[in-house]
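**Student:** Please work from the sequences and hints to get the whole structure.
Residue numbers (my numbering), protein chains in the order written: chain U, 13 to 93; chain C, 311 to 666; chain X, 121 to 514.
These are computed hints drawn from the structure, not numbers from a lab. Each residue gets a CB set at the ideal place from its N, CA and C atoms; glycine is no exception. Just to be clear, a hint being listed does not mean it is correct.
Footprint (simulated), chain U over chain X, 3 or more residues, beta carbon under 8 angstroms [unchecked claim]: (1) 254 to 261; (2) 273 to 284; (3) 391 to 399; (4) 459 to 471; (5) 482 to 491.
Derived, one-sided and incomplete: chain C residues facing chain X with beta-carbon distance under 10 angstroms [as the list claims (entries may be wrong)]: (6) G321; (7) C388; (8) K455; (9) K615; (10) A617.
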Amino acid sequence: METEELKQKIYEIVEKSKVKKKLKEKDVIAAASEETGLDKDTVKKALREMIDVGKLMYSYSGGASSIEIPSEEYLKEKGLL
Amino acid sequence: MALPQRKTDIGPPHYEQFLPPVIKKNYGKWKYHEILSPGIMVHVAESGDEIYTVRVASPRLLSTDTIREISDIADKYCNGYLRFTSRNNIEFLVSNKKNVELIKKELKEKGYTIGGIGSRVSNVVHTQGWVHCHSACTDASGLVKVLMDELYEYFTTKELPNKVRLAVACCVNMCGAVHCSDIAIVGVHRKTPTINHEMVVKLCEIPTTIASCPTRAISPDPAKKSVKINEDKCMYCGNCFTVCPPIDIHDPENDGVSIVVGGKVSSLRSDPKFSKLAIPFLYNNPPRWPEVVSAVKNILETYAKHAKKHERIGEWIERIGWERFFKLTGIEFTFQHLDDFTFARETFRTSAAFKW
Amino acid sequence: MAKKYETPLLDELEKGPWPSFVKEFKKAAKRSEIASDGLGQLEKSYRTKRGYWKHGGIVGVLGYGGGVIGRYSSLPEEFPGVAHNHTVRINQPSGWFYTTKALREISDIWDRYGSGLTNFHGSTGDMILLGTRTENLEPIFAELSSIGWDLGGSGSAMRTPSCCVGPARCEWSNIDTLDITYSITQEFQDEMHRPAFPYKFKIKTAGCAVDCIASIARADLSIIGTWKGNIKIDQAEVKRYAKNGMDIQAEIVDMCPTECISYDKKEGLTINNEECNRCMHCIAKMTKALRPGDIKGATLLVGSKAPIVVGAMLSWVIVPFIELKPPYQELKDLTRKMIEWWDENGRARERIGEVIESKGMRPFLEYIGVPPMPQQVKAPRRDPFFFWAKTDLK
Numbered sequence: 013m014e015t016e017e018l019k020q021k022i023y024e025i026v027e028k029s030k031v032k033k034k035l036k037e038k039d040v041i042a043a044a045s046e047e048t049g050l051d052k053d054t055v056k057k058a059l060r061e062m063i064d065v066g067k068l069m070y071s072y073s074g075g076a077s078s079i080e081i082p083s084e085e086y087l088k089e090k091g092l093l
Numbered sequence: 311m312a313l314p315q316r317k318t319d320i321g322p323p324h325y326e327q328f329l330p331p332v333i334k335k336n337y338g339k340w341k342y343h344e345i346l347s348p349g350i351m352v353h354v355a356e357s358g359d360e361i362y363t364v365r366v367a368s369p370r371l372l373s374t375d376t377i378r379e380i381s382d383i384a385d386k387y388c389n390g391y392l393r394f395t396s397r398n399n400i401e402f403l404v405s406n407k408k409n410v411e412l413i414k415k416e417l418k419e420k421g422y423t424i425g426g427i428g429s430r431v432s433n434v435v436h437t438q439g440w441v442h443c444h445s446a447c448t449d450a451s452g453l454v455k456v457l458m459d460e461l462y463e464y465f466t467t468k469e470l471p472n473k474v475r476l477a478v479a480c481c482v483n484m485c486g487a488v489h490c491s492d493i494a495i496v497g498v499h500r501k502t503p504t505i506n507h508e509m510v511v512k513l514c515e516i517p518t519t520i521a522s523c524p525t526r527a528i529s530p531d532p533a534k535k536s537v538k539i540n541e542d543k544c545m546y547c548g549n550c551f552t553v554c555p556p557i558d559i560h561d562p563e564n565d566g567v568s569i570v571v572g573g574k575v576s577s578l579r580s581d582p583k584f585s586k587l588a589i590p591f592l593y594n595n596p597p598r599w600p601e602v603v604s605a606v607k608n609i610l611e612t613y614a615k616h617a618k619k620h621e622r623i624g625e626w627i628e629r630i631g632w633e634r635f636f637k638l639t640g641i642e643f644t645f646q647h648l649d650d651f652t653f654a655r656e657t658f659r660t661s662a663a664f665k666w
Numbered sequence: 121m122a123k124k125y126e127t128p129l130l131d132e133l134e135k136g137p138w139p140s141f142v143k144e145f146k147k148a149a150k151r152s153e154i155a156s157d158g159l160g161q162l163e164k165s166y167r168t169k170r171g172y173w174k175h176g177g178i179v180g181v182l183g184y185g186g187g188v189i190g191r192y193s194s195l196p197e198e199f200p201g202v203a204h205n206h207t208v209r210i211n212q213p214s215g216w217f218y219t220t221k222a223l224r225e226i227s228d229i230w231d232r233y234g235s236g237l238t239n240f241h242g243s244t245g246d247m248i249l250l251g252t253r254t255e256n257l258e259p260i261f262a263e264l265s266s267i268g269w270d271l272g273g274s275g276s277a278m279r280t281p282s283c284c285v286g287p288a289r290c291e292w293s294n295i296d297t298l299d300i301t302y303s304i305t306q307e308f309q310d311e312m313h314r315p316a317f318p319y320k321f322k323i324k325t326a327g328c329a330v331d332c333i334a335s336i337a338r339a340d341l342s343i344i345g346t347w348k349g350n351i352k353i354d355q356a357e358v359k360r361y362a363k364n365g366m367d368i369q370a371e372i373v374d375m376c377p378t379e380c381i382s383y384d385k386k387e388g389l390t391i392n393n394e395e396c397n398r399c400m401h402c403i404a405k406m407t408k409a410l411r412p413g414d415i416k417g418a419t420l421l422v423g424s425k426a427p428i429v430v431g432a433m434l435s436w437v438i439v440p441f442i443e444l445k446p447p448y449q450e451l452k453d454l455t456r457k458m459i460e461w462w463d464e465n466g467r468a469r470e471r472i473g474e475v476i477e478s479k480g481m482r483p484f485l486e487y488i489g490v491p492p493m494p495q496q497v498k499a500p501r502r503d504p505f506f507f508w509a510k511t512d513l514k
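**Tutor:** Now the structure itself:
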């Protein structure tokens, strides 16, 4: 699988879960690994690349850290929009 | 102005560049130390080299003005080296003995408080309080200030049977080692939180919120797509508020502080101990919390009067028994002192031998 | 900047001999609107007896998930200066040693981008820069990291490790607390900055059982220096303590928890080292006469935490003795194993001690490869209910 395709999958997983449940990094990696059959390290690497460029971000709420899709405000602040 | 290139994951700078030359030279080769006065000690190395430490109180919350001022002082007398302690004191590291009296003089002139070393009250470990925390039920900086104004001499001059570690936590999350301090003040709530159902629906994960309650007081409220709280079971810990902020536990009328005593972290003589409840509740009475100050002073001075040399508060209480502690301090014993939470069975008396 | 708010209640806290945090606030408020509005809001809290801060998570520096704590006023119209009031955690140097040059550089950056208010230090040990706006976070990080500083941990992550003053200025330290802390901090940079754990994980290193860092009470992994072998005695110094008025029988012998010390004016001090539990009382009280033995190492303990959620815990002895020499590979490998097990078995917001309590000590010990030892318990179990694994039955 191409990295871009994997990244698309990861993005979809986070997006789908947006309303229902805040996903921890571990949950995202497990879900994407299961869906794609790729090993967790590969998924983690792709996820980290997405976070590094602001495609996804770490968030904190409810007393725990999670992965979220950045808001427009966040992207503007980082000069990415 | 263009920003410099950011670097990630470099970690902290290596500590070695911040060590005074005499420390670098004698690193790991110190032989002994002597406390010369309540705020000054000397460490002597195998080589015979010495380093003098002058310890000064700090409110922990420092402006950059003050940081520059202490830097000026350290430049003048310490070749630009200083450190902070785990209890928020400032330590000036003086390599040249001649400078000890000079720095002492200048610190006094500038209004700094020297002390806190040895068998006395050191600085107070504390949390953010109303200054900066979202879950505070009291103000930590304010409580520290009024306590230490009153106990000032126990930092600067007076000696106690052993050291007394004070701590203030503005809620039961207890950032800092409040749960193992000689005397500690902790902010507490006393009423079941109120729920903003509309916001719960928007912001909170219902299963996580239910699971967050240590006493299983929270259950689903299907009609509102929210949760409800069983008032008989709630112990006001506020964990649900952390997990789901629309469950608001703040209640200015009923929030206040508890005082716990007898904890320690060292293994000296006896094992480390948790602090235990002395006073279940005192109202927030800012700006100077007179009831809290006099309650702490009473406990401290009762200990000072009755403990043996080298006994920490917890060791003294264990020797005389808690029933005697309540009698000597005159603190009322209430239903709140009886544990009805996790560790209850360890605390009930299982012997007919006790004191009146 | 002109004075913005009347603060009659806080002004009361400028009185009295102890250093005043209100004075610090007022100094910063002369230059910074964050500090002046922070002071105004604090005065209101003193009047109404409640805080006005909201906890918010969607702030940080690009790529990191930790090091910045989002904070907003719940009264932004009344106190616009603290509409944003975020905290930046800067990883402190081991042992909190600084040069004035470093402190001045940080102060200059902070005055440019933040409130001018700090904490030296936060409870976990980080240098805390207290109060800035979202748009300043990237510039602060660029400025600080370009001169060698990095952010500390926050959220569900490895938190900034910290340690006591150790061998830098203490004769009791059995291990190089500063170097161990620096080394594990570097080892776990990814785990500190990118929160992937069930909850926080703290490591604190103390040079001896005096535990000036409160490691045993507030670290998921407590590393406490200790020794094997005989306590070294300088009898001439023992005599000097006696001569200077120390009641050695009452203060040392009678207070020894294992009753392994005896004292005779002529013979001096005798220690039955076999029975000594290395509590540090005698060494701490007779620092010139007594010193720890020569075989140095540490005890590793796991699990301490504050009361949330089901009660405070002290750390439990897991590895009674481990030698700690650079590059501390055994310690690092063991720590990774502990974290792996916890991550595999823990739910969100569960600390490692709680997971050990619910899953049992045995699976934890088996996973990290440590055998059961009497040094790990105060007493063996008192109930007759215990598991037998198939392998135990043979």
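**Student:** Hint by hint, note whether the structure agrees.
**Tutor:** Here is how each hint holds up against the structure:
Coverage of a stretch by a chain is defined here by at least three residues with a beta carbon nearer than 8 angstroms to that chain's beta carbons; for the region 254 to 261 of chain X and chain U the count is 3, and the condition holds. Given a C-beta distance limit of less than 8 angstroms, the hint that chain U covers the region 273 to 284 of chain X holds, as 4 residues qualify and 3 suffice. Under the rule that three or more residues need a Cβ within less than 8 angstroms of chain U, the assignment of the region 391 to 399 of chain X is violated, with 0 such residues. Coverage of the region 459 to 471 of chain X by chain U holds. Counting CB-CB distances below 8 angstroms, 3 residues qualify, and the rule asks for three or more.
Look at the region 482 to 491 of chain X against chain U: 0 of its residues bring a Cβ nearer than 8 angstroms to a Cβ of that chain, fewer than three, so the hint is violated. For C:G321, the suggested interface contact is upheld, since its CB lies about 5 angstroms from the closest CB of chain X, less than 10 angstroms. A distance limit of 10 angstroms between C-beta atoms decides the matter here; for C:C388 the minimum to chain X is near 8 angstroms, and the interface restraint holds. With 10 angstroms as the threshold, the beta carbon of C:K455 comes within range of chain X, its nearest partner Cβ sitting at about 5 angstroms, so the hint holds.
Below 10 angstroms, beta-carbon pairs count as interface contacts, and C:K615 has none with chain X, the closest being about 18 angstroms; its hint is therefore violated. At its closest, the beta carbon of C:A617 sits 12 angstroms from a beta carbon of chain X; the interface hint therefore is violated under the 10 angstroms criterion.
In terms of the numbered hints stated before, the structure departs from hints 3, 5, 9, 10, listed from lowest to highest.
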